[in-house]
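Enquirer: Going down the list, the sequences are from chains E and V. Per the numbering used here, the first sequence starts with residue 3, numbered consecutively. Per the numbering used here, the second sequence starts with residue 46, numbered consecutively.
No lab work stands behind these hints, which were simulated from the structure alone. Source: prediction; values computed, not measured. Quick reminder that beta carbons are idealized off the backbone N, C-alpha and C, glycines included. Treat the hints loosely; a few may be bogus.
For each label pair, taking beta carbons as the anchor points, the in silico distance ranges come out as [as the list claims (entries may be wrong)]:
#1 V:R537 - E:P408: 55 to 65 Å
#2 V:S330 - E:R342: 50 to 60 Å
#3 E:Q97 - V:T223: 24 to 34 Å
#4 E:D468 - V:G221: 32 to 42 Å
#5 V:Q524 - E:P110: 34 to 44 Å
#6 V:P166 - E:A457: 49 to 59 Å
#7 V:Q524 - E:G70: 29 to 39 Å
#8 E:G387 - V:N150: 33 to 43 Å
#9 V:D461 - E:G70: 48 to 58 Å
Just a few of them, taken from the derived set where beta-carbon distance is under 8 Å, the chain V residues facing chain E [claimed, not checked]:
#10 K184
#11 P188
#12 N238
#13 S398
#14 S407
#15 T469
#16 A497
#17 S500
#18 P507
#19 E510
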Amino acid sequence: MPGSAREPLGTIAVVGDGPTGLVAAIALRRALPRCAVTVIPTPADPAALADWTAALTPRSNAFLRQMGIEEGMLAARAGASLRLGTELAGWTSGQSRAVHPFGAAPPPEIAATSVSAALALADRFALPSDDPASPLSDIDYGLRLNPQAYTRALGALAAHLGVTRSPSGFAAATGDTSGGIAGLRLASGEDVTADLFVDCSGPASLVAQGLPSEPHIDWSRILPVDRLLIPPTTGAPKLTALDRITATPLGWRGEVFGRDGTHALFAASIEVGSPEAWVEAAGFAEAAVIPLAPGRRDRLWQANVICLGDAGVRFEPLHWLNAALVHAQVALLIELLPGRDLHPLERNEFNRRAAAMADRARDFVALHYHAPTRPEGAFQDYAAGLALPDTLRLTIDEFTRRGRLPFFEEDVLPRDAWVFAMASLGIAPGPTARSVTLTPAARTALIRGHEARAAAAVQSALPYRDWLAAYLQSAR
Amino acid sequence: MSGQPLRTILIVGGGTAGWMAAAAIATVMPNIAVELVESDEIGIVGVGEATIPQINLFNASLGISDADMLRETQATYKLGIEFADWLEEGHSYLHPFGAFGVPINGVDFWHFWIRTGGRVPLHEFNANSVAAATGRFAKINPPPPPNSPLAKLFSAFHFDASLYARLLRRVAEARGATRHEGRIVEATRDAENGMLTGVTLADGRVLTADLYLDCSGFRSLLLGETMGVGYRDWSRWLPCDRALAVPTERHEEPILYTRATARAAGWTWRIPLQHRTGNGYVYSSAHVSDDEAAATLLAAVDGKPLAEPRQLRFTAGHREEFWHGNVIALGLAGGFLEPLESTSIHLIQLVISRLLTLMPRSLPATGTVAEFNRQSVKDYEGIRDFLLFHYWANRRGEPFWRERRATLPPDQTLADRIALFRETGRITRENNELFAEASWLAVMLGQGVEPAAYSPLADLVPEQELADIMAMLRDTTAQAVAKLPFQAEFIRGLTGV
């Protein structure tokens, strides 16, 4: 076996000093302790949604742990609190309310409240159990963070790991003759070269701008939101395990109930309403209007530049999936980490799988505009008239006809999340082989068993407020 | 929803494909009436006597136990396939089921193995290989903990296909499937919508159904002959077009693997059963005469032949659609890929499970049919590429083999896969395709494709630590397997014979 060591990456320049860039830098530095990783600051861009996400999904828990970004540290220093899911208000009719929890879905043959949802509705909380017999093994949680404090905490950790932070900001990227980037010019006039450039600069994609032009895939005929309203200050804090997404006739309002404050935003479309009408519908006193061009780069890794976060993929933050997608793509990059010789086939494989992740997140968001019934509203009408991607059509079709969710490679959402999304949108599963053969008595027993399980979990859990107080005590 | 509700299915042809379908549908969809028509006059081909581990899922879903298999189909356990003389004369390797080693710090084990220069043979880190080499095997109940080396011991069966069909027939009939005896003389289509309207038997009976499953073998009576669906011919890539099969007396305890031995114009199989050994020669008629092939086969077998060699003829490839109108083809009626990787039974199983998940509630179901066909073609292409790789990477001297070295599939996927492994040690797996990373690893290394590098992350584990981990993995695998009984003892324990 002649296998020889590949010369590892010696230098990596990460452009962008928000959470996206810092998480990428930490992950790369941990993977390659001898590699010089430099973070180059860029101007904070409110349109970099992955950087401002105040909420994560359960999938990020394991990722952050692997990267040595400990939950206790985030609780102590980044304002972290824990969430069991999201309440969807007004999505199937004006008055509708549904809980979209994390964790395991009940058996598909019965329509029942999941253990996480039962806990959330009772305003209680417990950590998941790894004993499959315990009903608490059915629950899972995501993190909420204060974006500014999170950025500071990640910056401190990166520095501790030996990631260099350039004192001077980004000024320009220079292309080379082979379709890649030769180097970066900093504001100080200094030049920076690297084996690999990671563009985390938000939608401006400052490094990728220096590449030969790359086709963009436009999602504006699939996802309705192209304007975001962000109020200048956070609202009052609220202690609850559920965040909320409320549909209004002019767009949807998202609220993450952090213990540091309520992080609200309003998502709208230029096709429906006006900035004044949006502010009113959002219930904000004032708000900055930020444009969003939904879509992604065709190849997220082109030559020696990898685009992460909004530099590569931009989509409305419904269910706050933007940072979750970054984490999945960073994990993929680490798995396929190249040597100094960037291999084109490794790059192709990254692009294939990273694109599959992005497209599936897009489908998950788009699903919310195709509920069988929708409230009255110009925004809803506009959104429902948009195109349904073939992959999403197949998903809905298989689910409604046969209670089955087709497999998609690199789905960033677990199967249960799709089941919960369908349920919260009133999309009922079709009959399965099991559901057809289930006798009424067996069905009743299944429901009873599940209800008992949920009740036992609620019984054993603490009120959310008390639980959180104890958790924060121990984190300090 | 409009259209004709789907209430009845007629399966045309018994054999393994027909009875697998009948038993599965009768079990899972009791509200659909399943009928099967077969003729005792028409023989069963029964090429597929070796399987892959997915067969266990199929049996489990029907409630067929290992004891049933061992008692009723003369089955033995199978842990992999040995490829003898395939790279060159005198060389051999095992393609085992199951993984090699365990990932270290999230990096696949083989990268570390490449880093250590492959000093310790890779198969010592694979429970299947160690068990196959020692003849020891047991299915442990309850299953071993996930960190046990035996948790990755995966098995399939060798079995007598006609006995398996008989077992499935009993299951199907017990669950309400109806069998008709008779030879089909005609199948008719609706002149307007092109749907199949029924089949007429030699005695004049006419059988009709909402959906027809064509299990008529190579003839493809319904899908090919009647519906006129064309055949995508892959013989340019896989030129073997004939096989000779002969059973021989068993003269040793059955071994735990199938053997595929390369020959001048193809390859021979050896499948050990409890009562006899199955043998055959898959060859290209353009490269060797039938007589020469028969002589090669009879010289190769290691027991007394129990019958005259029987010939089969085929063309590698598949029907352009597997489902057309109200007809779905299973097994040989849908396509043929030589059983080099024991995929014949699995290809039937895939169609059945696809049908059960996509079963429309009424017909026509255009969207479902398109999806069904798309997935089915992917299956065939994936297996074709894997087979082609075995042929492509050879160093043999015969004209047949020299031509194989120049034959890669029509698209770039396989060439990229080989290049990526060669240059970086990475193996990709697209969309849950049948053969996982470990299979490609075993066969790529076995066929002499050597990686020039490995993941840069594999360098991060200190040398001594890595040496300790590898020694531990190898020792625990060897120790765990050494405690297993020999296969024959285990089979006796299950069957009580």
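Enquirer: Could you run down the list of hints and mark each one as holding or not?
Expert: Status of the hints after comparison with the structure:
1. V:R537 - E:P408: 55 to 65 Å: violated (44 Å)
2. V:S330 - E:R342: 50 to 60 Å: holds (52 Å)
3. E:Q97 - V:T223: 24 to 34 Å: Once the Cβ atoms are compared, 53 Å apart, the range 24 to 34 Å for V:T223 and E:Q97 is violated.
4. E:D468 - V:G221: 32 to 42 Å: Violated: the Cβ-Cβ distance is about 57 Å, outside 32 to 42 Å.
5. V:Q524 - E:P110: 34 to 44 Å: holds (42 Å)
6. V:P166 - E:A457: 49 to 59 Å: holds (56 Å)
7. V:Q524 - E:G70: 29 to 39 Å: holds (35 Å)
8. E:G387 - V:N150: 33 to 43 Å: violated (49 Å)
9. V:D461 - E:G70: 48 to 58 Å: violated (35 Å)
10. K184: For V:K184, the interface hint is violated, since the closest Cβ of chain E sits about 22 Å away, which is over 8 Å.
11. P188: Since chain E brings no Cβ nearer than about 14 Å to V:P188, farther than 8 Å, the hint is violated.
12. N238: violated (22 Å)
13. S398: Because about 11 Å separates V:S398 from the closest Cβ in chain E, which is outside the 8 Å limit, the hint is violated.
14. S407: violated (10 Å)
15. T469: holds (5 Å)
16. A497: Cβ of V:A497 sits 7 Å from chain E, so the hint holds.
17. S500: holds (7 Å)
18. P507: violated (12 Å)
19. E510: Violated, because the Cβ-Cβ distance from V:E510 to chain E comes to roughly 15 Å (cut-off 8 Å).
The earlier numbered hints that this structure contradicts are 1, 3, 4, 8, 9, 10, 11, 12, 13, 14, 18, 19.
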